[in-house]
Every structure is written in C-alpha cells, then in structure tokens.
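**Student:** Residues per chain are reported as follows:
There are 2 protein chains.
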Amino acid sequence: MASDTSPAPAKNPVTLREVAALAGVSVATASKALNGQGRMTAETRERIRETAQRLGFRPNSLAQSLLRRRSFTVGLLTNDTYGRFSLPVMSGISDALVDKGVSVFLCNVEDDQRLGQLHVDAMLDKRVDGIIATGKRIDRHLPVDLSNLGVPVIYAFTQPDPDAIAFVSDDAGGARLAVEHFWRLGRRRIAHVTGPASFAVVHARAQAYRDVLTEKGLPVMEPLLGSWSEAWGHEAVKKLFDGKLSKSGGEKPDAVFCGNDQIARGVIDALRERGLGVPDDVGVIGFDNWQIVAEATRPPLTSVDMNLAALGREAGLTLLSLVGGQPAEPGIRKLPCRLVVRQSCGRPPDG
Amino acid sequence: MASDTSPAPAKNPVTLREVAALAGVSVATASKALNGQGRMTAETRERIRETAQRLGFRPNSLAQSLLRRRSFTVGLLTNDTYGRFSLPVMSGISDALVDKGVSVFLCNVEDDQRLGQLHVDAMLDKRVDGIIATGKRIDRHLPVDLSNLGVPVIYAFTQPDPDAIAFVSDDAGGARLAVEHFWRLGRRRIAHVTGPASFAVVHARAQAYRDVLTEKGLPVMEPLLGSWSEAWGHEAVKKLFDGKLSKSGGEKPDAVFCGNDQIARGVIDALRERGLGVPDDVGVIGFDNWQIVAEATRPPLTSVDMNLAALGREAGLTLLSLVGGQPAEPGIRKLPCRLVVRQSCGRPPDG
DNA sequence: CCTGCAAGAGAAAACCTTTTCCCAACTAAG
DNA sequence: CTTAGTTGGGAAAAGGTTTTCTCTTGCAGG
Chain G
1 MASDTSPAPA KNPVTLREVA ALAGVSVATA SKALNGQGRM TAETRERIRE TAQRLGFRPN
61 SLAQSLLRRR SFTVGLLTND TYGRFSLPVM SGISDALVDK GVSVFLCNVE DDQRLGQLHV
121 DAMLDKRVDG IIATGKRIDR HLPVDLSNLG VPVIYAFTQP DPDAIAFVSD DAGGARLAVE
181 HFWRLGRRRI AHVTGPASFA VVHARAQAYR DVLTEKGLPV MEPLLGSWSE AWGHEAVKKL
241 FDGKLSKSGG EKPDAVFCGN DQIARGVIDA LRERGLGVPD DVGVIGFDNW QIVAEATRPP
301 LTSVDMNLAA LGREAGLTLL SLVGGQPAEP GIRKLPCRLV VRQSCGRPPD G
Chain W
1 MASDTSPAPA KNPVTLREVA ALAGVSVATA SKALNGQGRM TAETRERIRE TAQRLGFRPN
61 SLAQSLLRRR SFTVGLLTND TYGRFSLPVM SGISDALVDK GVSVFLCNVE DDQRLGQLHV
121 DAMLDKRVDG IIATGKRIDR HLPVDLSNLG VPVIYAFTQP DPDAIAFVSD DAGGARLAVE
181 HFWRLGRRRI AHVTGPASFA VVHARAQAYR DVLTEKGLPV MEPLLGSWSE AWGHEAVKKL
241 FDGKLSKSGG EKPDAVFCGN DQIARGVIDA LRERGLGVPD DVGVIGFDNW QIVAEATRPP
301 LTSVDMNLAA LGREAGLTLL SLVGGQPAEP GIRKLPCRLV VRQSCGRPPD G
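Sequences listed follow chains G and W, in order. Per the working numbering, the first sequence runs over residues 1 to 351. Per the working numbering, the second sequence runs over residues 1 to 351.
Errors might be hidden in some of the hints.
[Unchecked claim] To list a few chain W residues with every Cβ distance to chain G over 10 Å, as calculated:
1. 113
2. 140
3. 168
4. 197
5. 322
6. 326
[What the hints assert, rightly or not] Calculated pairs, BS3-like style, for lysine-lysine (alpha carbon to alpha carbon, straight line, at most 30 Å):
7. G:238 to G:216
8. G:216 to G:239
9. W:136 to G:100
10. W:100 to G:136
11. G:136 to W:136
12. W:32 to W:100
If you are wondering where the hints come from, they were derived from the structure by calculation, not from laboratory data. Don't be surprised by glycine CBs; every beta carbon is placed ideally from N, CA and C.
Start from the sequences, fold in the hints, and give me the full structure.
**Tutor:** Right, dumping it as structure tokens:
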C-alpha cells in the first residue's frame, strides 16, 4: 500500500535471496561473492558486496550451522550461582571465544540432577559444538554425566574422571609461593590456617606448606583446619597465640598463611585486637585474591591468585581446537598461581 | 563392514529421516506422529514413537528454528563481570526460561563499545528471540544501542530511554523499609551513611529516608555521602560520633542506615572499636543483603534485599510474552525490596 | 453399481545458505 | 574454421524439520 522505501526498521532480516535479486545475480553467485569464493569479475563481486552492505544483510547463522554442522556455540555448565570462582572462569572462556565468533550458553544447574540433564539436553538439541563444565570446588563435579555426549567436553576448575581433559589451579604451587615469600622476607615461624578437611585443596596446600618448611629447615606447625570463615580466622588466632605452643619451643608465629581471604581477614582483625601489628609483628597471606576482601583488610592483604580467568581462557581455546579436530592429550593440567603482593607481609623482597 | 548394532556411542545424531525409515513411514508422518499432529492410526503413532525412543531421536533444534523463525534462545548482555548485582539477576532469568526450553547466551561486554556491538551482532546473527540488558548500576546503561534491533529488548536493573521496558528495584521503598524498621524498634535518632552523589540510588534512598523521618516527626540529619567502602563507614562513624552534633541538640545517633553492606560493616567495626554496642547502643541496617558480608559482621547484619532474582524472573517472563506476541506497556516497573532481619538492630518488632 | 466422503499417509515446499557440478560464451591455438 | 581451454555465472542438492496439499483406499449411502 504505502511506498516503503525508508531504511527499513530492521523488521525481518534480509536474506541472501533478496540481495541476489537486487544485484541481478543468483543466490549462488551472491554467496560466493560475499565469501570470497568462486570466480567472477571484480565488478560483479563489488556490486554484490555493495548491495549486501546497503541492505544490511547478515547471513542467517542458523542456516549456516545446519549446513556446516557446527553452530559456533558452546555450552557452559556450572553449579556456582553466585560464585566468585566460576565467574572469573566464565569471563576467561568468553574472552577466548568471542573473537572466534563463538557464543556461550550459560547454564546454572545448581546441584540438581534433573536440572543438569535438562540443560545438557537443551544444549545438545541446540547442537553446541562443545561443552565446558566448571564448578565452585575442584574436588566435586557437576551432578550430570557428560561422557559419550558426541561433543567434546572440557573441565575447568573441577575434576572429573582422570582421562578427561581438565584445567585446574596448581594449589600446591600457590601455597609454595606464599610460604617461600614469607621465607624470603625472613619470617621463620610460619603457621597455616585453612578450611575443612573435606576439601582436597586443603590437603594439597597443607602438604606444600609442610614441604617448603622442611626444605628450608624450618619448624613445621601442624596446619589448623576449620571453616572458610572470618570467624574461624579469629578463633585460630586464639589457638595460635594463647596456647602453650608445641614443638617449636613456645614461640609465637611471625607469619600466618591462610587458606582463603576471609580467614585471613579474620586473622588480621584478631591480631590487631590483641595488639599485634600486621605486618610488623606478624605477616599474613591469604588465598583466592578476592579483591573486595583483600583490599578491605587493614593493611591490604597479600594473597595468592589462582589466575582463574587464564584458566578459563585455556579451557576455551582447548575446546575450540578439539572442535576443530585437533586431538588433545587427556589428563589434568595444572596452571600456576601468582602471588599478589599488598601490604600484609612487610616490604617486598627487593623493596 | 562390521555389523554395528551396538547402542550407538552417540556419534552423529539420529535424524527424523532415519526414524521414519526404520518405522516404515515417510518423514512427514513421522514428524506428525512425534508432534501429536495430523491423523493416523494410534498404532502407527505409537510405533513411530517407540522407534524414535529406541534410536534416541532428538529433533535438530537448528532446523526447527530455521523453519519457525524462532530460536528459543535469548541473549543476556551485561557489563558486570564479577558482579554481585547482575549475577542474581541472571540466575532469575535463567530460572524463568529454562522451563520453557529457552537457553541464554551470556555476553559480558565490559564497558567496551566495540565488544558490545560484536556481541549484539553475534546474537542477532544467531537469531535470538530477544535480548535482556542488565548492568551493575541502575543509572548507567550499556555502551550499546539496542533500539530498532528487530527483536524485543528488556532492561533489568538498568535504566534506558523512558519508553523502553525495564525492571528495577524500588530503592526508595527499600529505604523506607529500613527506616521504618528502626522506628518500630523505638530508635529515634537515625543517621544515614551512603555512597557518592553520582549514583542515582543515593538520592532516591536519601530522599525516602528524609521523608520517613519527616512523617514520623523525627529529627532529620543530613545524609553523609562518601564511597561504597568499609573505610568510609569507619570515617563516617567518626563524623557522627565525634563532631558537635548539629540541630538535634548534640545527641548521638542510636541508629545508622547504611547505603550498602560494606559501609555497614565499616560502621559496625568502628562502633565496636569505640566501645559502642551493636545493637544495644546503636542499631545498624545495610543495603544489598550481600550474604557473605552480612553474615560476617558481628553481630550479623540486618539488610535490605533488592530481590534481584525475582527481578530477573520478571524480566525473563516478560520478554517471553513479548516474543509470543503479547503487547507490553512500556515504562519502568519498580519491584519491592525486602528487609532481611538479622541481629544488628535488636530484637525484631514482635519478638 | 455409482457417488461422495473420511481416514491415513506421502510428496513437496519452505526455511536460508553453501558448495559442487555444469553450461554457455569467449579466447587462443592449430 | 575447429578444438581446447578458460572465464563468468547459474542450477541444484544438501542440511533436518514442519506443514500444506494431494493422493489412495475403504466405506457408507443412495
């Protein structure tokens, strides 16, 4: 009815057919022109390109996917709704994939088996090219079976059957970083306050802690296991500084390596309350480098960062190469941690 | 070569064609049987269904989408990588949509215009049914233009042009909740410590704070604006309890309503340090109900919760109805907050 | 016995793009 | 002038599903 020649309010997308018609060629030629395939006069190619440009043509990804059997889409499964762990991981994955034109379906499965299956089915229906599973805890995995799915699967910050492909942080290495940092600063009576025994990382870090102390010939105090909370940090300080101290000859610690930043915060607050200066009397190092906590402690907390975003990036890139047909060694890859030095340990080694 | 009759390691997905062949019917009939369409003997229908079941047939969502021009996919745009705000929102959205078979593309655009455009284009190419935009701050929106996209757009916890559809928290209502709670508990000298003036919510909450005090005939102390940090909480306590206090006749506050939980934590710590008891001498209420902070304060913090997950749910459902062709009134919908009572204000009103 | 109708099922188009093959026309060589 | 080769471009199939239309068969009514 009306002569609608306005620049089209982007109602329904313009198809290749329309471009071809307007340029006076067949859809085949149009496709080849836009993809740089086929042979044709430079003039023809340019004319088609211009037409496509002018019409705002964008190829329908669904049709492409159907044909190529590749959707440029991956699924990300997590059970960490509010998580400070899986979020950086996600961010890294997304970073790695966006440049390649790959989009990410985020699916939070909580810890619900049914929900997990639902999401996995949905992903498979939508023909994701691959799946990345992550979680809030390395030593637990998602309530869902990802074997024999017909698409590649990668695990990030979560540990599956041993012949899967997984990326996790090197917790032992991270712990070494912390303890060796204390050592370099001249601290000699180093304590370790950490989370519950049910976490695998607790043992990995505690063992590394013992190893370093032994290597250096320092007294090993048995790690204090508790919860991941500030309250436990408070309590642990009581145990460390009140009790008649064991083997080491009654001497109080001059450094505390904590299993996470919340414990560290509790420790710092408790130390201050009993008149001990941080870092002057006691140095403190946390774990996780949870910025919002680490920077709110007084003084700001030196902490071990697990490089989760990098871990996510690796996972994403590896998945992509798997999708591309490159084989990949099964097994668990541990990625190094990094020590973020703030002010809770005294001056940096070469300050 | 080999007789492969094993239950198929799910290599390449089974198609409708194969089901039809095995059941001895055409693909048309097979399709109709599985979708409950068309007319056929109950026996035929059942046979086809069984065959599909046995083969583990799942319709290719890409093909369906292509045909239906509906992908059962929505895009979620955010700039809040590590956010405690957008994460609950996402969770609510996802919750609302998963039951309807809709998957969510999560795209973090940081504050990068180029990245935003990249993601939006990718979404459009993948033929998302709609887009939800969220953010970390109500009064800022994403660095990307979402008008005239050809798909419905909903905003959640972020404020766009006034004739868009948006869901935000009712900050004024939340503030009223807090101040009225103090009032019911008999607190009469209520202070307000909040964030920087550049945030719209600061003004909304401050005005509500003033309104309630005026309604109740209580003295209004001018809100203290600062940063969103614990440190500011400390500092504010100094100002409130050291200075010669203004109009109200030199009396110190018996309640502090804080703009977020971190400020509240700083306030509580500072009060304790100067020997003031919480809640006995001073009551404290926070905002955001950030569990990890609220529960780490001593005593645990009463806080205003913005119901972000519910907000996400509403956004998701509204988007869906929009996609379904239902019209929706443009404008901003404010969703109520809720007060989560812990122990920082004294006994609950009817305790 | 013929007509009309309903039931059951299939053929084919449609969705949109890519790619393989094929064809026509033109050029150059013999 | 014929043949071979090249160039520019199109037809058609493929990808998997849904839906409309058509066709065949069987049965009832006249």
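**Student:** For each hint, tell me whether it holds in the structure or not.
**Tutor:** Evaluated hints:
no.	hint	in the structure
1	113	holds (14 Å)
2	140	holds (20 Å)
3	168	holds (20 Å)
4	197	holds (22 Å)
5	322	holds (15 Å)
6	326	holds (18 Å)
7	G:238 to G:216	holds (27 Å)
8	G:216 to G:239	holds (25 Å)
9	W:136 to G:100	holds (27 Å)
10	W:100 to G:136	holds (27 Å)
11	G:136 to W:136	holds (22 Å)
12	W:32 to W:100	holds (21 Å)
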